[in-house]
Structures are given as structure tokens and as C-alpha cells.
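Make a model of the complete structure from these sequences and hints.
Just so we're aligned: the sequence shown equals residues 2 to 221 in this note's numbering.
Where hints are given, some of them may not hold.
[As the list claims (entries may be wrong)] Once the Cα atoms are required to be at most 20 angstroms apart in a straight line, the calculated DMTMM-like pairs of lysine to aspartate or glutamate come out as:
(1) 119 / 22
(2) 119 / 138
(3) 119 / 137
Note that these hints are calculated values from the structure, not bench results.
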Amino acid sequence: MTRTAFAPEPLAPELTGDARELLAQLGSPEALPALPLAAAALTLEAVRDEATLRRFLAGYRDRILLPVELPAILAAHGHATRNELRELLALDLALGRDARLREFRAASAAVGRRQLNKLRPLRDQRLVQRYLRAVEDGAAHGWHTLVFGVFLAQYSLPLRQGLLLYSQRTLGGFLDSGGATLRLPVAVSDDVFASILSPLPQAVNDLLVGKSTMTQFAAC
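See the structure below:
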């Protein structure tokens with residue numbers, strides 16, 4: 002599927018190996034819950050046509066991506082930058098108590114654990130190793146959003162670009178799933194994608210300068 006609107010520049014094209022694979026996993030089918038499950042979790046009608054697909058994507062963007070996932074990535078990035086393991090673990094547990102994420106927990110934790118394992122070679126990074134150990138010991142969930150925030154910090158990658166890439170890949174993954182099922186023409190999918198992404202650059206800017214409201218867990 003061709004999707005070019007609002008696409009950020011490739012994030013750190015010089016990355017190779019496990020780091021590059023971690024980026025490539027964003028928005029992949031195994032990184033997202035099934036579309037019917039996600040729609041039900043948001044108490045939205047089942048996706049059955051272009052209109053309901055648009056409503057689902059807007060609902061996910063406005064109720065999960067913007068108020069929960071992006072602030073979580075930002076908070077995890079800050080904790081990793083400041084080497085705040087205790088605060089990172091508290092954030093991990095707070096996400097586990099967030100009712101909005103109940104139906105997304107299994108998929109997120111499974112992907113997060115795989116991604117965190119790809120950071121295992123960073124043996125000189127104590128926070129990464131201790132977070133991985135906490136996940137393996139069952140003391141933390143290993144949310145994929147938090148792992149992505151840690152990843153951005155450990156590799157000193159641009160935060161704004163990373164948030165936009167995460168948004169694009171996540172919403173694009175749901176669009177790929179729904180578009181394939183509905184057999185939407187490429188031109189229609191591109192229009193849906195452009196429409197759903199249009200508020201994101203400003204929303205990310207507002208988040209980074211503190212203009213948008215951070216959810217309670219993000220202050221952990």
C-alpha cells in the first residue's frame with residue numbers, strides 16, 4: 002500500500018541489525034491487536050466499510066495514541082535519559098493499571114519483550130539491562146511504548162521524529178489490516194491515511210513543548 006502523506010524522514014538510516022529490526026516492527030501485524038478486538042476495546046462499531054474504518058482510526062488516535070501512547074513514549078525517554086530505573090518501572094506498572102489499555106496489554110507486552118531483548122547487546126547500559134531483568138522476573142510488563150522510548154534515548158534518536166514515526170506506523174498498521182479486508186483502492190487508503198495523520202504534527206509539537214495535557218501516569 003502506498004502511503005506518502007506526512008511521512009517523516011527515515012529515522013537514523015545508519016542503524017543496522019537488531020536496532021533496525023526494532024524500528025521495522027513498528028506497526029507490523031504482530032505488534033498490534035486484531036482490528037475487531039481493538040474496535041471492541043474502544044466500544045466502537047465493527048469496521049465494515051470506509052466510514053467505520055475512518056471512525057476507528059480517529060478513535061484510536063484520539064483515545065489511545067495521543068493521550069496514552071505518545072506521552073508514555075515521551076516519559077520513558079525522559080526516564081532513560083536521566084537513568085531513572087525506579088521511575089521507569091513505576092510508569093510500567095501504572096500503564097498496567099490503566100483501564101484504557103486492558104485489551105492491548107498482551108500484544109504490547111509480547112512485542113515489548115521481544116524488542117527489549119534486541120537491546121540486550123547494550124551491556125554497558127545499566128538501565129536497559131535492569132529493565133530487561135525486571136521484565137524477565139515478572140516485576141514489569143515491558144510495554145512496547147516504553148521500550149520504544151528507551152530505544153530512542155539509548156540511540157540518541159530525534160524524539161519528535163520518533164513520535165511521528167511511531168504514530169505513522171501504528172495507524173498505518175491498522176489501516177493496512179482494515180484496508181486489505183475491505184479491499185480499499187490505494188487512492189482511498191492514501192486519502193484515509195492523510196486525513197487521519199493531519200493533526201499529528203501539531204499534536205506532537207504541543208506534547209513536546211508541554212502544551213497538551215499529560216495523562217497522570219506520564220508524571221510517574
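Checklist entry - Within a Cα-Cα threshold of 20 angstroms, do residue 119 and residue 137 meet the stated pairing? => result Given pair residue 119, residue 137 holds - Cα atoms ~14 angstroms apart, limit 20 angstroms.
Checklist entry - Going straight from one Cα to the other, do residue 119 and residue 138 come out at no more than 20 angstroms? => result This hinted pair holds, its Cα atoms lying about 17 angstroms apart.
Checklist entry - Does the alpha-carbon distance linking residue 119 and residue 22 stay inside the 20 angstroms limit? => result Satisfied, since the Cα-Cα distance of roughly 9 angstroms is no more than 20 angstroms.
Hint violations for this structure: none, all hints satisfied.
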